[in-house]
Amino acid sequence: MGRITLEKVTKSFGEVEVIPPLDLTIEDGEFAVFVGPSGCGKSTLLRLIAGLEDTTSGHIRIDGEDATDLPPAKRGLAMVFQSYALYPHMSVRKNIAFPMKMAKVPEDEQNRRIEQAAKALNLTDYLDRRPGQLSGGQRQRVAIGRAIVREPAAFLFDEPLSNLDAALRVGMRLEISELHKRLATTMIYVTHDQVEAMTMADKIVVLRAGNIEQVGSPLELYKTPRNTFVAGFIGSPKMNLFEGAEADKLGAHTAGVRPEHIEVGDPASAYWSGTVGVAEHLGSDTFFHIHETGLADTITVRAPGDVDYKHGDRIGLNPRMDMIHKFDQQGLRIQ
Amino acid sequence: MSTKASRSAARLMISPAVVLLLMWMIVPLVMTVYFSFLRYNLLSPGATPWAGWENYYWFITDPSFNDAIWNTLALVGGILVITVVGGIGFALLLDRPMFGTGVIRIMVIAPFFVMPTVSALVWKNMFFNPVNGIFGNIATSLGLQPIDFFAEIPLLSIIFIVSWMWLPFATLILLTALQSLDQEQLEAAEMDGASWSSRFWYIMLPHLARAITVVILIQTIFLLSVFAEILVTTNGGPGTATTNLTYLIYVSSLLQFDVGMGSAGGVFAIILANIVAIFLMRMIGKNLDA
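Each protein sequence line maps, in turn, to chains A and B.
First residue of the first sequence? That's 0 in numbering that gives the first Met the number 0, and the numbers climb one at a time after it.
First residue of the second sequence? That's 0 in numbering that gives the first Met the number 0, and the numbers climb one at a time after it.
Any given hint could turn out to be false.
Derived, one-sided and incomplete: chain B residues facing chain A with beta-carbon distance under 7 Å [stated by the list, open to error]: (1) Asp147; (2) Ala150; (3) Glu183; (4) Gln184; (5) Glu186; (6) Ala187; (7) Asp191; (8) Ala193; (9) Met203; (10) Pro205.
It is worth saying that the hints were derived from the structure and are not from the lab.
Ideal Cβ positions, reconstructed from N, Cα and C, are used throughout, including at glycine.
Extracted from the complex, chain A is given alone in its bound form (with noise of 0.2 Å):
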């Protein structure tokens, strides 16, 4: 079981409020991702629900217990960090034997479920190695070997892919899920990324400066983002967000498009037209962006791969008129 709650959670380092005041459900067996910009607070929230930094006010409920002040091995959370935080003079077997060490559970019991944590984790053949002699992605498995044997309420991730080559990372967002699927453990993963966090997230929760902007399922997310920042930092490439004379004439005062939302064609008679600037060809897709359209500086279309224009060129836009989203002048949605 692990249903976490946050109830009217603060933090403030000093004069600074970290964390204005917050409330937030994740329910158990969930997935959830915080995402936000670096600085947004997103790590702090994480480590407040580990334990690792106390909360100004507020209360932290895990399955219906209050947790606030509880250290943070009586919370029963295991933590993935960053750095993973392996301890280099032991071996993996004795690093993923740690926690259990530590909570006395019998040897018997430690090795059949270190044997079982290195099947998974395709560990086995490693056991023996110090972290030291260990990729990146052997390690960050050490470091999710050491958090399962724990058997732990909830899963606590902090940018654990962003020390990983891009390659890798993905194979590695697959394995997390995976685990995920198959353990059924709430789990709760910060990123940066938004790739990672629709890709994982059962529940995404995007935060600026402390605040939650918005919290639903990457599909919510991506059809009906609450305003502007949600919308800006959810989706890749970016959502196309114009103001002024374009905007008014849809009735709002920021509107915005996802570049896969605007088809291309005859500048003649469409909608919108511009130059092309640079082409970036995926092979699948090709991204133009496009210069001088009386919208923004830059706006992104994403084209099918056999699609070709050149640079300089002049092309047609067609938005997908019930695609657009539209949002008032505090930047919040009109629905």
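Add chain B to chain A, keeping to what the hints say.
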């Protein structure tokens, strides 16, 4: 960079320095070894006949020799234990954020900059003197018999004085090592349910192992030749209670004017230091591999 030509050029250019250093080391060493085989006494100048192993024989069978060896080992061992254990303690305290850290750190390191003769004199007169010393005064004011440190526990007193000087050194090295410990490791251990003592034992101490061996090695080199503190306070006495090997060599060559015997003692000291060095190098080598 390292082509054949550049390497031989490098060798050629470094050779004057190496040759000079070698001479610096070899000449005194060879002279000491040579003197150790002569009957060379400043009280009977002129003739310095060949003596063979006689100097060694008399030096080793000298009743104070045994005492000197044990005193040397006790001195080195005792000081090492006090400075390493105390150094870890101080490092743990100073690692915590607190008011006036900078000033406190300077105060902690200060004893290291005091000359051995000065600090020995300060301890001898200001603290350990049974009549005028602070400890004596405290004892008297409590109605206790004051301890005459250099008469009753002479070796321990010397160990204490030298430890006081070397504790800052150990503290400084261990403190920097402690500060290089990844905080996430400690946090991970905390989440894993490790109490403070387990975190100290399983995380901090292994992390400090390398720094501890460095402290032990460097201190041993200097502590084998403790001299000024003994000369200033006890003159090796009472009897031979605080005579270490260095002091014994001093006694032979400069108090008894027997250069030959002093040289024999010096050669013996070189051998002893090398034995210790071999053990320490092995220990450190093992630790640095990890």
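Hints and how they fare:
no.	hint	result
1	Asp147	47 Å, violated
2	Ala150	47 Å, violated
3	Glu183	4 Å, holds
4	Gln184	5 Å, holds
5	Glu186	5 Å, holds
6	Ala187	4 Å, holds
7	Asp191	4 Å, holds
8	Ala193	5 Å, holds
9	Met203	11 Å, violated
10	Pro205	4 Å, holds
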